[in-house]
Amino acid sequence: MKKKTIYILAFSGAAILAAVLIGGTVLLTRDSSKPALEGGVTIQGAAAINNLLAGIPQQGNALGKPTAPVTLVEYADLQCPYCARVAVGDFPALVRDYVRTGRVRVIFNGLSFVGPDSLTALDTALAAGKQGRLWHVVQLLYANQGTENTGWVTEDLLRSVGKAVPGLDVDSMLAGRSATDVASARAAAQQSANTAGVRGTPTFAVGRTNGILSVVDTQSVRGAIDSALAG
Amino acid sequence: MRLRIAIGALALVGAGIAAYLTVTKLSHVSPVCPTGGCATVERSKYAELAGIPVAMFGLLAYLGVFTSALRREELAVAAGAAIAVAGVAYGAYLLVVQLAVIEAVCTWCVASDVVVVLLAVLAVARIRQSPS
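Protein chains in written order, with the working numbering: chain A, 136 to 366; chain B, 1068 to 1199.
The reader is advised that the hints may include incorrect statements.
As the list claims (entries may be wrong) - Restricting the straight-line Cα-Cα distance to at most 25 angstroms, the calculated cross-link-like pairs of lysine-lysine (PhoX-like) are:
1) A:Lys265 to A:Lys200
2) B:Lys1092 to B:Lys1112
3) A:Lys265 to B:Lys1092
4) A:Lys265 to B:Lys1112
Since the hints were derived computationally from the structure, they do not count as laboratory data.
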């Protein structure tokens, strides 16, 4: 066999193999990479949320670099309309200005006092936290929030939300909700809320990382962050 | 001869990495990971193709290249190079997916990428060396 023939055989074989593998992967992963439409539930805001959170480190219920000098804790219920308003309204700018720049780390302390839908939603978000995707699920649930205690947190909705999150294993998230670490994370957030004297949601607490955090009202969050950064 | 030994040895290193990732994937265990992204990548939908772990395809590919290094036929030389070059292309595609879609990088996958690039270089060099 001539050397040229070996080259042709090798590179045409490589091209065919690569085309089959890459083409197969693109085809087989195509449908679920589109945000939306499982069981007829359309998810709003996925592109903007994925873009907002892309590349920011997440660990459990924390968003942002662990080395950030200031910590912002949010106590919230995923069914609370005011929480959703803050999440969709003020939060993206906070992420862009403070979290993405590595200056603030945000902790989501989810509560579930509004009703059963709160609990289902919260456990799902905490289970997503095990894959470093809690904040994606939280923001998507806020962006697609239904009326309180109407049973709007359906399995279809949660599955569709999960599918809209890049790199999230939806089955693993849904199965992980019943794990004891989810229940203990939920209990820890409740304990933290009790200690901080949280009476309603959303409630924010701001301070230097590993220092004492002060509870502030929603309008004062930005000012409190600036003060903490300056101090 | 040296090239064949180098290809065979590298293919075994790659097979070891792929075997480790296949076992962790099939047994639902998080791989040991310096960057923390391996489990995220391994749990993503890109880690399987038609229900088969992608790492298992890698393992078969490395074993294929190893077998080609054992043989002297021109067809084996061509096949070894074809698998290694295709591995580089698929590895590059998966690296882009890790960075742009999954937003997590699996260190073991990157290690495998390095091995397959070296293998491709050696496999093409083997064609150059072959008598025409």
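Results of checking the hints against the structure:
1. For the suggested pair Lys265 (chain A) and Lys200 (chain A), the alpha carbons sit about 17 angstroms apart, so the restraint of at most 25 angstroms is met.
2. For a cut-off of 25 angstroms, the pair hint linking Lys1092 (chain B) to Lys1112 (chain B) stands: about 12 angstroms separates their Cα positions.
3. As the CA atoms of Lys265 (chain A) and Lys1092 (chain B) are separated by approximately 17 angstroms, the hinted pair is consistent with the 25 angstroms bound.
4. At most 25 angstroms may separate the alpha-carbon atoms for a hinted pair to count; Lys265 (chain A) and Lys1112 (chain B) meet this at roughly 16 angstroms.
The structure meets every hint from the earlier list without exception.
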